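J.: Here are the chains, one letter per residue:
Protein chains: 2
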Amino acid sequence: MSQVSFTRSWVESANGHTDFPLQNLPLGIFSMAGGAPRSGVAIGDRVFDLQAALQAGLFDGAAGEAVTAMENGQLNAFFDLGRTPRVALRERLLELLREDSPLREKIQAEGETLLPPAADCQMHLPAKINDYTDFYVGIEHAQNVGKLFRPDNPLLPNYKYVPIGYHGRASTVRPSGTDVRRPNGQTLPAGQTEPTFGPCARLDYELELGIWIGKGNALGEPIAVGDAAEHIAGFCLLNDWSARDIQAWEYQPLGPFLSKSFLTSVSPWVVTAEALEPFRRPQPARPEGDPQPLPYLLDKRDQAGGAFDIELEVLLLTEAMREQNLPAHRLTLSNTQYMYWTVAQMVAHHSVNGCQLQAGDLFGSGTLSGPESGQFGSLLEITEGGKKAIELASGEVRKFLEDGDEIILRARCRGEAGASIGFGECRGKILPAR
Amino acid sequence: MSQVSFTRSWVESANGHTDFPLQNLPLGIFSMAGGAPRSGVAIGDRVFDLQAALQAGLFDGAAGEAVTAMENGQLNAFFDLGRTPRVALRERLLELLREDSPLREKIQAEGETLLPPAADCQMHLPAKINDYTDFYVGIEHAQNVGKLFRPDNPLLPNYKYVPIGYHGRASTVRPSGTDVRRPNGQTLPAGQTEPTFGPCARLDYELELGIWIGKGNALGEPIAVGDAAEHIAGFCLLNDWSARDIQAWEYQPLGPFLSKSFLTSVSPWVVTAEALEPFRRPQPARPEGDPQPLPYLLDKRDQAGGAFDIELEVLLLTEAMREQNLPAHRLTLSNTQYMYWTVAQMVAHHSVNGCQLQAGDLFGSGTLSGPESGQFGSLLEITEGGKKAIELASGEVRKFLEDGDEIILRARCRGEAGASIGFGECRGKILPAR
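Residue numbers (full-length UniProt numbering), protein chains in the order written: chain A, 1 to 434; chain B, 1 to 434.
So here's chain A without its partners, still in its complex pose (with noise of 0.2 Å):
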């Protein structure tokens, strides 16, 4: 783990409060009016164009190689390259940016060519996304969503053991700012033995990190623990949107399926495993008496460095609050340090039995809730499934999201004064059910 310091870049809305800073250097892939999705990196609020650096000559080697790799508007091949064009990207990109970069007057010379304004930039998904898969990690989460269920008895048997996952629906993934169409679907009234068809009553948001796979394994060949950052490519926010309603009456007994297919959000710049370096934790110690993993789910770096401190936050702006121009309303604030998986244990678990990864994939770590109030991670924690309404300086109350409501999805890995970062936003606001 390396000190968390602030290196000031030439390029100012860097050196101010922003989510992208030199330190981050997130990938993304964005267009700017009717162009083709191109790749770029965050800095500040702008966007420096990778491609149209390339052409102009600022690239070679490994990390020519690297920006070579997204031409096609994709970030799967680079991602498959593994950790090293990576990180030669990233060095590059330091010493072009940096405040002192030699290069500075070259850069600056083509204008807005090289840094297009964020605010003209529209984000695409990152990567074409093969296969997406929700973990369950959060372990508080599991926990206060079990004791709804099971008082006496919240988490099951196999939670301390499995990295507890299940395959989600890759088609509907989307970036930050897609609306979100209410689903209808078939709900089952208290008390009735039969179901109802209509909208969702119950519509909730989830608060998950989600990761992008990097290189990935041949079907049939696991990857190790210890091997599994060089098959990690980066970070992003996620919004695991469920309809509580449809969950509760289908998802038994092969799990969730149309209560979370209709869409998932997130954030669109793919902040990397080097960016949060600094921000690495050893995992958390195991309350006493908790098992220990199994063999193949423990490597003694992962232990001591393989957890993250990742402030998370959940805000909530509702059209009246829009229309009388009140502050959104937070309703979590919570933190990575809430897995009890590493990101490393996910991959190790995912491919034990063979099941290839592919690059593009997309993970998300589960609901990340803290233990207190003011924490959880869901509409259904923190009403209690309904029971307890929460009261918005609108004078409205809200038990489930209503059509009009947004949600804002934003992270911060707080250090020194200037060395923050953030991840950008993952925003879905609710339309109507159809």
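Treat the hints as calculated values from the structure; they're not laboratory data.
Careful, some of the hints might be misleading.
Note that identical chains are pooled: a pair holds if it fits in a single copy or bridges any two copies.
Quick list of in silico lysine to aspartate or glutamate cross-link-like pairs, EDC-like style, CA-CA up to 20 Å [stated by the list, open to error]: (1) 429 x 100; (2) 387 x 194; (3) 128 x 80; (4) 160 x 194; (5) 399 x 319.
Keep in mind the model is a prediction, meaning the values are calculated, not measured.
Position chain B against the provided structure of chain A, taking the given hints into account.
T.: What follows is chain B alone, placed relative to chain A:
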């Protein structure tokens, strides 16, 4: 529904005992020694090379459009064209390959160029699979498995309302002939409270119908049950290999995960909806007391002809049986008539929440068992969860699959003399765990 009739082909092997008479014309992707994957049609013991036939000027209009869409060695773009070009291609193929075809000599003049022996062709997956969904519509299987856990109440309350399904792993679907590496994983030994890690000891097959999705839908726009036919490209056999011991320990609360994701095998030929038209049947009458489907799942034409009469067979061939030249042992003889929901209902349900389906998505029906002994579509059912051993002519016994065992799925639609069609095989042999 049309009558089952038989038209002779000038390809002689198509007129005898074959899965692929002129009435079938299934589509697939094949390659020959060192060549690139290309599209073809199975006819008798030959493969009609569509790309080569296009170059020879044998297709124009909508049929030409259909073959042109296959030029990248995948059927996705062709699937996405919907029904009309597929029907045009079928009509043209019937014209080209029937006994009195005016083009017979032109085609034969090319020798084996247009009609290589199937034995020389390696088959590939017909499409890039974006998402794979496994349903659970085999009600006899659901009851048989339910009885093992809940003898008095085998079916859960949602079963007769919801076409139950879950997201599967797309990256590990492979064509027939791919070996099955026995997976390692966590299992809970009987009577223990802590799991162990090692090779699966209860490896099983599951006999399923596979469905290839044709034209996709936009996010948020459900497909009506009456429109589903436009979105279904064709059918195959599917073996949902299952690690029962891993499944039992991992599946609560989010469903099967690693117990299914090590491999899923499919037969490589896409049997079209048109070829299956004569084998359509009314949906079996729901037993007295069963609820009517909710309106979004109900369509008169689907009720009248949305089911299929397809005979399904599973054979086992062990290493010792191969050495002793014994014939394969039939484990299962079942039928698609045991589907409680039609394929159109599966499509309508899957998309009713706005979930986007894409051309090349794969559905599994779920295990299709019949009610009688001899009709069970998995060893879990046949051996009652490993209690009753199967005796083989080789003197061996089986409760679950052993290394070296090969499972072969076959399917047959029985018409009048000569007018039966088959699906080809879906085979897989078990390799020892790593």
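J.: Hint by hint, say whether it matches the structure.
T.: Structure-based check of each hint:
For the homomeric pair residue 429 and residue 100, neither the shortest alpha-carbon distance inside one copy (42 Å) nor that between copies (62 Å) is at most 20 Å. For a Cα distance limit of 20 Å, the shortest separation of residue 387 from residue 194 qualifies neither inside one copy, at 23 Å, nor across copies, at 36 Å. Taking the shortest Cα distances, residue 128 and residue 80 sit within 20 Å of each other both inside one copy (12 Å) and across copies (18 Å). With identical chains, the CA atoms of residue 160 and residue 194 are at most 20 Å apart between copies only, with a shortest distance of 10 Å across copies and 36 Å within one.
In this assembly of identical chains, the alpha carbons of residue 399 and residue 319 lie at most 20 Å apart only when taken from the same copy (16 Å versus 61 Å across copies).
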